[in-house]
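**Student:** First to last, the protein sequences are chains A and B. Counting from -11, one number per residue, gives the positions in the first sequence under this note's numbering. Counting from -11, one number per residue, gives the positions in the second sequence under this note's numbering.
Careful: at least some of the hints might be erroneous.
Copies of one chain are not kept apart here, so a pair can be met inside one copy or by any two copies together.
Stated by the list, open to error - Simulated crosslink set (DSSO-like; lysine-lysine; CA at most 30 Å straight-line):
1) K165 to K23
2) K29 to K81
3) K122 to K81
4) K29 to K(-8)
Just so you know, these hints were derived from the structure itself, not from any lab.
There are 2 protein chains.
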Amino acid sequence: MSSKGDLTRRQIIAKSMQLFSVKGYFNTSIADIVKAAGLTKGGLYGHFRNKEEIWYAVYEECGRVWKSVVFEGVREIADPLARIARLIENSLKNYLGGRVFEGGCFLLNSLVDLAGQSPNMSHHVLKGFQGFSKLIHVWLEEAEEKGLLREGLNLVEIANFLVISLNGAAPLFAASKDPAVWRQTMGQLNYYLQTLRKEN
Amino acid sequence: MSSKGDLTRRQIIAKSMQLFSVKGYFNTSIADIVKAAGLTKGGLYGHFRNKEEIWYAVYEECGRVWKSVVFEGVREIADPLARIARLIENSLKNYLGGRVFEGGCFLLNSLVDLAGQSPNMSHHVLKGFQGFSKLIHVWLEEAEEKGLLREGLNLVEIANFLVISLNGAAPLFAASKDPAVWRQTMGQLNYYLQTLRKEN
């Protein structure tokens, strides 16, 4: 692909991301995207066959951005519980509080937008969240093996609960723009995480 | 209003609730509502001036349904922490797990759908969630006065966190239809609530 073609493709993805985030997928038309990207319909169809294909490219790009923010400085932390705490801080303070996407979390918004209307697309988003939860689960298992956790914890349940709570902060922050939403969620998730640690 | 008129009005609200829940507010047209309710445009405009007015009526009706499920048997519980536990159970097992609204939680979906597009309407939904959090806060204060809580807790933060976590379960359950979502959230929120109790 020529570098000009590549630039156009990235422009389509960037403008679509903005439109999908704020207006929603179904409410955004190909005509909206063509207009926002300053293209002709033919220019757009040279890069994507349809709106669904654009959505998958936008999702991939959002996932890349999300990962770069949420995993920043995480993997080099040796203590798996401190690693999870950093993941929580990155997710709430830097990703959500940093207002990385206009209109809130594109990934969560997509889930709400697509559930009940497009099983394939909402399943795709769901798989992303499940992967995130699975990774936290692996780190909790590592914490357990290192003897850092109290006895008898349900690690799958804890991992899912963390993802659920992080997701819960997104729409309330998007609507209120009140930093208390992510700050308070961070405060309580940190407290919760500490209660899992074995007392010394 | 005649009882026939009242019936038509309720029919418009019921059909709009379904359409807004599944398709979203902006993606639902007056023509969609007219068709789903089996009316003429004139028949609809005899009851509502515009789509926004219908949304407010739908929101009110959803709020009524939500309250009837979420507060069932709650107020008669003397221990404020047990009262909050029942609220959590009702919200997750009976409201979310009971699939009261098609397409997930209408209230949360509205927040995602409207944030960034209609400040007035999303503010209206947000006020509902804030009222819910305020009530939990009052019950936590009651628990504190009764000496049931550990020292030094941030009760506003705890109340908001509970609402945030409950909200986080809604989109993941709507997309996955997996009861583990509400069950695991209930398990961990109950555990969390117990950690707030003063040890005897």
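**Student:** Using 30 Å as the alpha carbon limit, work out where K122 and K81 are close: within a copy, between copies, both or neither.
**Tutor:** Close inside one copy (22 Å) and across copies (24 Å); limit 30 Å.
**Student:** How would you classify K29 and K(-8) at a CA-CA limit of 30 Å: within, between, both, or neither?
**Tutor:** within (17 Å within a copy, 49 Å between copies)
**Student:** Please work out whether the CA atoms of K29 and K81 approach to 30 Å or closer within one copy, between two copies, in both situations, or in neither?
**Tutor:** This pair counts as neither: shortest intra-copy Cα distance 39 Å, inter-copy 48 Å.
**Student:** Pop the pair K165 and K23 into one bin, within, between, both or neither, using alpha-carbon distances up to 30 Å.
**Tutor:** For K165 and K23, only the intra-copy Cα distance (29 Å) is at most 30 Å; the inter-copy one is 37 Å.
Hint violations for this structure: number 2 only, all remaining hints satisfied.
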